[in-house]
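The residues making up each chain are set out below.
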Amino acid sequence: MKTSEQVLSELLAAMPEVKVSLLVNPSASAQHSLLVASEDALRVAAYLRDQLGYDYCSNVTGVDWLDKETTEKRKTSRIVLKQVDGVEQSVEETVEETVKRVDPGYLEAVYHLFSMKHGPTDPHPPLVIRMRTGNRSDAVELPSLTPVWRSAEFQEREIFDLYGIVFRGHRDLRRLLMWDEFEDHPMRRDYVDPDDYEYEPTPHDDVLKRAEQQRLQAAQGGAL
Amino acid sequence: MSDLAIQSYLPPVIEVESQDELLEVAMGPHHPSTHGVFRMDVALDGERVVRLKPVFGYLHRNHEKIAEKTTYLASMPYTDRLDYFCSMTNNWAYALAVEKLAGIEVPERAEYLRVITAELTRIQNHASAIGFLLQEMGASGTPLMYAFREREIILDLFESLSGSRMMCNYMRFGGCRVDLPAGWLDAARQVVAGLPRFIDEIEALLTSNEILMARSQGVGILKPDLAINAGVTGVMLRATGVNYDVRKVDHYGIYDRFSFRVPLGEHGDIYDRYMLRVLEMRESVKILEQAIPQLPAGPILDPKSKPRGFRPKPGEAYGRIEAPKGELGFYLISDGTGNPYRYRVRPPSLINLTILEDMCLGQNVADVVLIFGSVDIVLGEVDR
Amino acid sequence: MLGEGILKGLGETARNFVGSFVSEDRLTTVEYPEQRLLPIENTRDFPFLVYDGADPDAGLRCVSCQICEKECPPKCIYIVKSTDKKPDYVGKPQFYPARFDIDISVCMSCQICVEVCPFEAIKMDTEFELSTDDRFGGLILDKHKLAKSNEHFQRIHPTEAAEVDARLAEEKEKVEAKAKAAAEAAAAKTAAESAAAKTAAESAARKAEDGSSGSDAEGVKP
Amino acid sequence: MNSATLDQFFVLLQHHLSALFPTVLQPWVSMILGVVGIVAVFPAIFALTTVLERKGLGRMQNRLGPNRVGPFGILQPIADAIKSLTKEDIVPRSADDVVHFLAPVVLVVAIFLGYAVLPVGRNMVLLNIDAGILLFFAVGASTELSIFMAGWSSRNKYSLLGAMRAVAQMISYEVPLLLAAVVAVMMAGSLAPTAIVQAQGGFTGIFPHWYVFTPWGFAGFALFVVAALAETNRSPFDLPEGESELVAGYFTEYSGFKFALFFLGEYLGMMSIAGYGITLFLGGWGAPFSFLTFIPSWAWFFAKLFLAIFFFIWLRGTLPRLRQDQLMNFAWKFMLPLSLLNLCVAAAWRFLGECLGSGTVAEVMRWLVCAAVLVLAYILLARTLLRRQNIRPRSYRYAD
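Chains as they are written, first to last, in my numbering: chain A, 1 to 224; chain B, 1 to 384; chain C, 1 to 222; chain D, 1 to 400.
FYI, nobody ran anything at the bench for these hints, they're computed from the structure. Mixed in with the good hints, there may be bad ones.
As the list claims (entries may be wrong) - Below, a list of computed lysine-lysine pairs in the DSS-like style, where the Cα atoms sit at most 30 Å apart:
#	chain 1	residue 1	chain 2	residue 2
1	C	K8	D	K333
2	B	K313	A	K100
3	C	K70	C	K81
4	B	K304	C	K75
5	C	K70	C	K172
6	C	K172	C	K189
7	C	K148	C	K75
8	C	K178	B	K306
9	A	K68	B	K313
10	B	K306	C	K174
11	D	K55	C	K8
12	C	K172	B	K306
13	C	K70	B	K65
14	B	K313	B	K65
15	A	K100	B	K69
16	C	K75	B	K306
17	B	K65	A	K68
18	B	K304	C	K174
19	C	K143	B	K306
The task is simple: from the sequences and hints, build the whole structure.
Here is the structure:
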């Protein structure tokens, strides 16, 4: 079976216009992955399944990469007008300034593919493909690969549930593990646990009473 | 890319005369045969199933989040609790993924111990799966009790090895936690010698039973192309005739050294799944008979691995094994700290349920229970 | 195919029916409170703290290093370190836990605390009849409920206890030998240089002590 | 006390006790004593059966079974009774409470009525009427009503499904049950249970003339047993209460004493139908060997009853359950043709007996011919049905 690099070159040879790049995995496992642009993903996936024999999508999962804030010191040179010896001159001057750069975070969907067609005769490492959303708040749509691999059906629902990636074209995108009324996405890195896990607005008397009290408190706090 | 024609595999649509006359039944979460807390929202036309939606999450505890908040080692006991029937194989899959991530070698003796415990696990899992399937079929627990009698003996072995019957927490990154206690190998040899008799007993009780055949042959048929596309693994997949056993595909551990065969079904129905479990038990006994006498002396843990302060280099790895229920994979991303950045379990139980709807539609309500039982799931793994 | 399968199955159940009367080892279950299964040596359920000697307070091996508290996966251990020190089994002053609680309603018996403990201070018990009528308080075991003697440990896990005892004895011997050598050297020095080298002897003794504490932390658990 | 007095012990007891009353009241008292006897004895056997069933199943499954209450757990039924009597009686809010209450009562009453004509020993039958068998089947059929009452009134989907299954199943199996019983009636030439038992009374050598030892009798008995299992909702035909599918079927919404009544009704039904099976095919109260006739007749009846119950338990411990459509197919496509054929064979048996005359050769000939017809029909029918459903043993291939 082919390595990720070979798959990449074959893909690009067949479909030169798609945006696919190789992400190198530095760990000992050396399972490199292909980063696929979301608009091309469905085509790439169908090609992988039908032409390259990756008929089995084993694992589908999400990863949350937070906004990365990097501070770096930069030296910039600029020309300033200065009074030098009474005459105004433009002088070059180096200024050191700290620049804060925020790399926007994104959500990632990772698919691990194997080939059953080539089966036990041809051992191979997983082919990993990844898709990234634009950011973590409003541009969280990705195309669903469930039409290509049915095994992604529940796993994409799970990602939607736990990470909040919206899979376009999924036939039944509902929460899988959390209940339907749940609001947050608990697997996100910045998810804040509730104080009291037992506290849920359920139709039990004392809990309802507590919920009412909290609501009143909140209202009073708001008024103050 | 709307012009793209992709062949998708979708569940069939069952035509009904009138949507109003359907009987909507919520099977579960408290139902005798949902193996825990699991719900199927079923719409019945008479006793024929026309719609089925599985509902998960009653046992959800966000295992993955817990694992991302603790160290690599501290997740090991939690893996026991995924598929609580097969803690040994869960341990192995997790250890394998970490070993891939950090490039740790496993000593030979530890590999043998892993194979022995994993195959014992497979036998007791398959035996209980058959027992539960027959329980669903209404056999008042007799096959289940026979299976549990045998399982009890195997669990005794696990207890004297690891200290616990079900929550073994036995494997470590780069080996196993403790070496065999005195006399364990003889006890294991005795247990393995008794296993063929037990399998014969189960077969005498069930295999040629006409009622079992009538109930299971031709029921819950799964086609191989759908099975592959839906990522079904394990016995479910091989019952359709697809030859795919991760032990043979990935050659993980030291499975190369043993001669064993992979039984394959043909029809992909419940009877094939039942028979494949029986045959796989026989193959596992074969592996055990080879592995126990060959067990070499030596260390059981890679000397470089340490219990505390384990920090693999940044990167990611996906490791998988053939667990009794299917392909169990762990996907880990390390950011160089002591906790995994991303920890993901690929649960075979959940993914094998993807096609539950496809298999059940158009069948009888009594068959739904059977089909569900033949998938062999554990809710601890489905919901995580 | 015409009913033989059913007859075969009936034969199998009949065989087991008769067999359960004939051979007792067929029966999986025992009548529990009256009959008990033989204990399996490696069995573990909840942790306990080992103490040497007769006094649980004085002989507690735990030095309150809080490693187990950090490593415990479900975080069921709660330790408060003491402010003063007391001598441990080699006579070296160590901290001790002012408070050591384990909530066994949370504990999942994973044994990781035992694995990470460098002082052989926490071990797994085999006591399983722990039901109480107090859901919240009754299952939090404090230091006194947790402390069990080394003899108890030797009784429930003989093999492991023997290994641990041998290792500790070796450790103690090493420490004592070192201390003795240091003392002798110091004595020789004092004899030779009498009052003049008083300060030097003190520093040598301090050095010996430092060396021993270093070996203690590293050497107990390979 | 000689064996004849022992045999008639209960009859004489009833006679003497009723003689204490004025003559006008005597038939009434004697009747009431009989009723009290039945109402006391059979529920007692039911209590014993529950514990024996649990212990027997336990032994088949290599367990001990109940062993806490009393020596060897024999007092378990008393504990169960106290439990079910003290449990809360829950009626679903939307249930039809009158029908919900009536259903178990109707069931138990109907089942008890069946015992009126069951001969449990020589001269030991409450109502010796000529159409006894007819009465039993008529009363037995009315239990379906109570089951449907229970399923309908509970307003539970599982109950309703269970009740629908139960009614379909019981109506279907009524037919082969009756047809299987008819052969015995035909041979004995009477519908009275006592007459049928007496017709099986003689001995050849040491062996009795039970109908089960003839080809048509054996086939009729086998068919009767299968149909009886289905009538009483016992494994492998326990679909109406199929636990793994329908939770508890038609009595899902019953608790406490009403549930216990259902339980009682079910076991009493099982025992009464076993009693009729014994009466029709196993020689009723007759001894199995001529040299054992000194043992009282009622002892033989109850011994046979316990054997029958044990057989029911044994089946329950071994067999999985059928599916609804298979159950129906089995009744209409297999049981019905075979029982019809069995009727013909029984008629032929009688006819051949008259044609061939008596004599060992003729007897053996008659036996062989009848047996051959039945076995052939059984094999052909079973083969065809299984082949049509594509059910066969399989072999498996391996990949290396």
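Proposed proximity, K172 (chain C) with K70 (chain C) (alpha carbon, max 30 Å): holds (27 Å)
Satisfaction of hint between K100 (chain A) and K313 (chain B), Cα-Cα up to 30 Å: Between K313 (chain B) and K100 (chain A) the Cα gap is close to 27 Å, so the pair holds against 30 Å.
Satisfaction of hint between K306 (chain B) and K178 (chain C), Cα-Cα up to 30 Å: Given that 30 Å is the threshold and the Cα spacing comes to 29 Å, the pair holds.
Hint consistency between K75 (chain C) and K306 (chain B) [alpha-carbon to alpha-carbon, up to 30 Å]: Distance of about 21 Å is within 30 Å: holds.
Hint consistency between K172 (chain C) and K306 (chain B) [alpha-carbon to alpha-carbon, up to 30 Å]: holds (25 Å)
Restraint check for K306 (chain B) with K174 (chain C), where alpha carbons must lie at most 30 Å apart: holds (25 Å)
Proposed proximity, K189 (chain C) with K172 (chain C) (alpha carbon, max 30 Å): Answer holds: K172 (chain C) to K189 (chain C) is near 25 Å, not above 30 Å.
Straight-line alpha-carbon gap K304 (chain B) to K174 (chain C), limit 30 Å: OK: K304 (chain B) and K174 (chain C) at ~26 Å, within 30 Å.
Pairwise hint evaluation, K306 (chain B) against K143 (chain C), where the allowed Cα distance is 30 Å at most: holds (29 Å)
Restraint check for K100 (chain A) with K69 (chain B), where alpha carbons must lie at most 30 Å apart: Since the Cα atoms of K100 (chain A) and K69 (chain B) sit roughly 28 Å apart, the hinted pair holds (cutoff 30 Å).
Pair hint K148 (chain C) and K75 (chain C), alpha-carbon separation not exceeding 30 Å: holds (22 Å)
30 Å limit on alpha-carbon distance, applied to hinted pair K8 (chain C) and K333 (chain D): holds (25 Å)
The structure fails none of the hints (numbered hints given earlier).
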